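Protein chains in written order, with the working numbering: chain D, 9 to 84; chain V, 143 to 491.
It should be emphasised that the hints constitute simulated quantities derived from the structure, not laboratory data.
Only a predicted model underlies this, so the values are computations on that prediction, with no experimental measurement involved.
In this text, a Cβ means the ideal position worked out from N, Cα and C, and glycines have one as well.
Heads up, a few of these hints could be off.
Some residues of chain V that are not near chain D, with every Cβ distance over 10 Å (derived) [to be verified]:
id : residue
1  : Ala-240
2  : Gly-273
3  : Leu-412
Below are the EDC-like pairs computed for lysine to aspartate or glutamate, each with C-alpha atoms no more than 16 Å apart in a straight line [unchecked claim]:
id : chain 1 : residue 1 : chain 2 : residue 2
4  : D       : Lys-13    : D       : Glu-46
5  : V       : Lys-461   : D       : Glu-30
6  : V       : Lys-208   : V       : Glu-181
7  : D       : Lys-10    : D       : Glu-30
8  : V       : Lys-461   : D       : Glu-11
9  : V       : Lys-461   : D       : Glu-49
10 : D       : Lys-13    : D       : Glu-31
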Amino acid sequence: MKEVKVLGTGCGNCRATAKLIEEVASARGVEIRLEKVERLEEIAAAGVMRTPGVIVDGRLVHSGGVPRRQAVEAWF
Amino acid sequence: MAELTLSARSWPRRHPLPFLLGAAIVWFALYRGLVPLSEAVVGWLPVQRQSHLGSALQFFLYDTPKVMLLLTGVVFVMGIVNSYFTPERTRSLLAGRAEGVGNVLAATLGIVTPFCSCSAVPLFIGFVQAGVPLGVTLSFLIAAPMVNEVALALLFALFGWKVALSYLGLGLAVAIVAGWVIGRLKMEHHLEDWVRALRAVRPEGETSRLSWSERIDAGMASVREIVGRVWPYILAGIAIGAGIHGYVPQDFMASFMGREAWWAVPLAVLIGVPMYTNAAGVIPVVEALLAKGAALGTVLAFMMSVIALSLPEVVILRKVLKPRLIATFVGVVAVGILLVGYAFNFVLG
Numbered sequence: 009m010k011e012v013k014v015l016g017t018g019c020g021n022c023r024a025t026a027k028l029i030e031e032v033a034s035a036r037g038v039e040i041r042l043e044k045v046e047r048l049e050e051i052a053a054a055g056v057m058r059t060p061g062v063i064v065d066g067r068l069v070h071s072g073g074v075p076r077r078q079a080v081e082a083w084f
Numbered sequence: 143m144a145e146l147t148l149s150a151r152s153w154p155r156r157h158p159l160p161f162l163l164g165a166a167i168v169w170f171a172l173y174r175g176l177v178p179l180s181e182a183v184v185g186w187l188p189v190q191r192q193s194h195l196g197s198a199l200q201f202f203l204y205d206t207p208k209v210m211l212l213l214t215g216v217v218f219v220m221g222i223v224n225s226y227f228t229p230e231r232t233r234s235l236l237a238g239r240a241e242g243v244g245n246v247l248a249a250t251l252g253i254v255t256p257f258c259s260c261s262a263v264p265l266f267i268g269f270v271q272a273g274v275p276l277g278v279t280l281s282f283l284i285a286a287p288m289v290n291e292v293a294l295a296l297l298f299a300l301f302g303w304k305v306a307l308s309y310l311g312l313g314l315a316v317a318i319v320a321g322w323v324i325g326r327l328k329m330e331h332h333l334e335d336w337v338r339a340l341r342a343v344r345p346e347g348e349t350s351r352l353s354w355s356e357r358i359d360a361g362m363a364s365v366r367e368i369v370g371r372v373w374p375y376i377l378a379g380i381a382i383g384a385g386i387h388g389y390v391p392q393d394f395m396a397s398f399m400g401r402e403a404w405w406a407v408p409l410a411v412l413i414g415v416p417m418y419t420n421a422a423g424v425i426p427v428v429e430a431l432l433a434k435g436a437a438l439g440t441v442l443a444f445m446m447s448v449i450a451l452s453l454p455e456v457v458i459l460r461k462v463l464k465p466r467l468i469a470t471f472v473g474v475v476a477v478g479i480l481l482v483g484y485a486f487n488f489v490l491g
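Input sequences plus hints: build the corresponding full structure.
See the structure below:
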């Protein structure tokens, strides 16, 4: 079970990122718990300057724009 | 077919520099061929060239491919330039910078640093946390959306390099001076308390070395993203512009948006500030207004206030700035734009 957080204020890119992560995870048969973090305080505390940011198991792996599919596949 | 697209895709990756050269040659050839092509198309159509409809159609059919081609070219080049600048790198360049020099640097970096308006607040917090002075941060945040590649490409396509360059220079001036003035006002305690309570971070300049083929990928990605997002606005804008071009009488705007009407600039700013659209949506309308006798300074002031300030932006900024700082921010930027409008109309006009 991987803990995945998508940090962003709820713009189109954030939704697209969350959807892509769900798609890739289910295609690869990886179980994940996806959480959307929309509070600015939490986004700032994670040190994310460009949204959406993605945190996998506590590690910031991506920041700014929708990640490429290959990048998402490499996380799982 | 799948194999074909695969090899077509990997070609720029394997030979990045020849690809860039080839793309540049194709682009220029297309650009040179546009005028004869659009005239030929209008010539075939069963409408009188002199009629209202013919005049509007000619405007639409010539402007659309020209604007799209220029936009694609500029966005691609800017995508490559952007790949040299990340917000993290810009932040470390600005941290601890003195005001004045810092404002100039921040506004300039605002043009080349990739910026998405939904990241404005996280970016603002990240800058302040790393010790970038408030006024310097605001110079960046004013310049980044206002002086963007879409606005510059469209101004260049429709009005020529002089207007585009003036917009660039005056946009920078507004961002530099407004940021500097707010810095002088010492309003740091008007940041929301939770922002001031955040721990300070050490700015770290990210040193990722990209290859040419990765930079080309970045350029193509920004073409897909930006041109893919703004093309409907451009089509709509040019269509509205074409309608005004063909149907609204010459000098219709001169009486109330001309240079003699002193109140036109403040009115344009007042209407423009709460409005929200991107550069792509507003420019073709601007072109049509100009063609009918509105003064350039008035129109540019309108455009700047639409792009730089908006109601949604104020709502977002309210999460990190207290009301007094927001009001100062909007007021100072609006006055700066107002002065730019007057400068254009009375000094340069």
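These are the hints, each one checked on the structure:
With a closest Cβ-Cβ approach of about 23 Å to chain D, Ala-240 of chain V is found to remain outside the 10 Å limit, as its non-interface label requires. With a cut of 10 Å on Cβ distances, Gly-273 of chain V stays outside the contact zone with chain D, its closest approach being about 14 Å. The claim that Leu-412 of chain V is not at the interface with chain D holds, since no C-beta of that chain comes within 10 Å of its own (minimum 28 Å). The straight-line distance between the Cα atoms of Lys-13 of chain D and Glu-46 of chain D is roughly 10 Å, inside the 16 Å bound, and the hint therefore holds.
Taken as a hint, the Lys-461 of chain V and Glu-30 of chain D pair is broken in the structure, with Cα atoms around 30 Å apart against an allowance of 16 Å. At roughly 13 Å between alpha-carbon atoms, Lys-208 of chain V and Glu-181 of chain V fall within 16 Å of each other, so this suggested pair holds. Our distance criterion of 16 Å between C-alpha atoms is met by Lys-10 of chain D and Glu-30 of chain D, whose separation comes to about 12 Å. Between the alpha carbons of Lys-461 of chain V and Glu-11 of chain D the distance comes to roughly 28 Å, so the proposed pair goes past 16 Å and is violated.
With a C-alpha separation of about 10 Å, the suggested pair Lys-461 of chain V and Glu-49 of chain D falls inside the 16 Å cut-off, and the hint holds. The hinted pair formed by Lys-13 of chain D and Glu-31 of chain D meets the criterion: a straight-line CA distance of about 15 Å does not exceed 16 Å.
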